[in-house]
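Colleague: Spelled out from the first residue to the last, the chains are:
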Amino acid sequence: MQDSGQPAVEAQRILDEAARYADQTPALESLFAAFGPVLAERARLRAEAPGWRGELPTVDAERFSQGVFVLADSGFQDVSPELPAAAVRLLPVMERAFPALAEELAALGRALAEGGLEPELLTRAAFSEAPVSVPGVSRDTLRFAASELVKPFIERQARDIIGLVTELPWRRGMCPVCGGAPNFSLLRKVRDESEFIQAHGGQRLMHCSVCSSQWRCKRVSCPACGNENPEELFNLRVEGRPFERADICRACKTYVLCLDTVEFVDIPDADVAALAMLPLDLLVRKEGYAPLAGHPWSPGI
Amino acid sequence: MPKAFLIDTTRCTACRGCQVACKEWKNLPAVPTKQTGTHQNPPDLNPFNLKLVRFSEHMVDNKVAWYFFPDQCRHCLEAPCKQASSVEGAIIQDAATGAVIYTEKTAQEDFDVIRGACPYDIPRQNPQTKQIVKCDMCIDRVKANLLPMCVKTCAMGAMNFGERADMLKLAAERLAVVKKTAPKARLLNPDDVAVIFLVADEPKKYHEFAVAEGPGAMTRKQVLAGAFAPFRRLARAMQG
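For the protein sequence lines, the chains are P and X, in the order given. Using this note's numbering, the first residue of the first sequence is number 9, and each one after it goes up by one. Using this note's numbering, the first residue of the second sequence is number 202, and each one after it goes up by one.
Each statement offered as a hint is correct.
Just a few of them, taken from the derived set where beta-carbon distance is under 10 Å, the chain X residues facing chain P:
(1) 202
(2) 212
(3) 216
(4) 342
(5) 343
(6) 344
(7) 345
(8) 347
(9) 349
(10) 353
(11) 354
(12) 356
(13) 364
(14) 378
BS3-like cross-link-like pairs, simulated, lysine-lysine; straight-line CA separation at most 27 Å:
(15) 197(P) / 370(X)
(16) 405(X) / 264(X)
(17) 227(X) / 353(X)
(18) 197(P) / 224(X)
(19) 224(X) / 331(X)
(20) 353(X) / 226(P)
(21) 405(X) / 385(X)
(22) 226(P) / 197(P)
(23) 380(X) / 264(X)
(24) 331(X) / 227(X)
(25) 344(X) / 306(X)
(26) 344(X) / 224(X)
(27) 197(P) / 344(X)
(28) 353(X) / 197(P)
(29) 405(X) / 235(X)
(30) 353(X) / 224(X)
(31) 227(X) / 197(P)
(32) 405(X) / 380(X)
Not close to chain P: a few residues of chain X, all C-beta gaps over 10 Å, as computed:
(33) 203
(34) 241
(35) 256
(36) 258
(37) 262
(38) 265
(39) 267
(40) 304
Quick caveat, the hints were computed from the structure, so don't treat them as lab data. Built from N, CA and C at the ideal position, the CB exists for glycine as well.
All chains should be modelled from the sequences, with the hints used to inform the complete structure.
Modeller: Printed below as a string of structure tokens:
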């Protein structure tokens, strides 16, 4: 998605895209109605987030080229101080989006507001680093809410960092910023300034499930095991959705969703586009393949 | 958000992929044509060719220079054809994209008035249905987030499409590059239209109606078109 940097514009674009996809796929209308406002509020928080504070990390080009991602040693900066204010905005949206979880989400909001839950513990819950319990909140709901709250802030930090390495070679399946696995990928056309005839295909970009950074990856290769044997790489689609596919590796039995955007006017938000691909997601799982990373709506993740 | 095209004629090789793709997507029938001594085929826009790559040859420094001009509706920001329209709902402008759309009701319009109002001589009339037709920005595709067919097909990067602000930025960048080798290079009516051409030489060398000259010519047409439209509407109402 083109990033305007303006909270209201980014949020509205997500809502518009969710509405357009819901029109195209009526079976998913309720899911778009639920997740659309959550993704939009996350986009507002992301656009207003502080980003990386202080000096940006130094990148050792040699280590990086050997596969050591930028934040391998330090991780993201602590986002805990931002969470109480973010919870006041995001949790009510989530309560409306997921009525079955409303009581638990309200209990989580109260615990955070009244000091029953330290923001640092919420951050750790998001990364599943420690077992955290909050009275009246199930473990799954806590993890879901925590990761939704933390995500805009680490996405914003990642946006500051990815610029450090865009010119450096990285063709691996994991995120060059945080080492996360991709839960989505896209083919994107890049304008070619040469005088020669231009290919109609696009570059393959992976999308990080943790920090939403995007990076180039070899087209005919498996991002999980590096397999480049065309006999073992194939894709599946669902009827009537020509721009959506799952890139599958027979060798390691994994897949990653892929959206071909070369014919698109605007590149949609990666989460909105991935939600529209849920029927494909389910089909590929039924065939016995596992995603490299999931989404909040992914079954069994 | 309003959309715009940048048609960079300096990158066009006149392959006519855009012309054929347009015809294919619109499922328009073949038309009788004739050899007129040029590769421009058919010789002009017609109700079944809404996009036409115009060819013109000129002697430049004792050498033959070929000029290519992928002609189409400019989707004017303040469309003179719309102002000249006397039938409610015949010519509409899509608020989201800025596309100027001719509907079935154009069959009730005075074709000569609508064509005469266009500074770029684009509208044509289907002789059977009497509908007036032209490029509709592939509005069916754009509403589905897909590029217009002419842009999707272009293999040289001559046809570009996107947010108006982005296209104006790209146009300014390309103009700066082209001007280094072609000092006469210019953008054609960038403030008035949504289809902005970049040409490397005098616009008239590309096509008689490549540019709406100055603000004067277009404004005069707009004023005249707008001024007479109410009378035409009245006359039509009286005729029933």
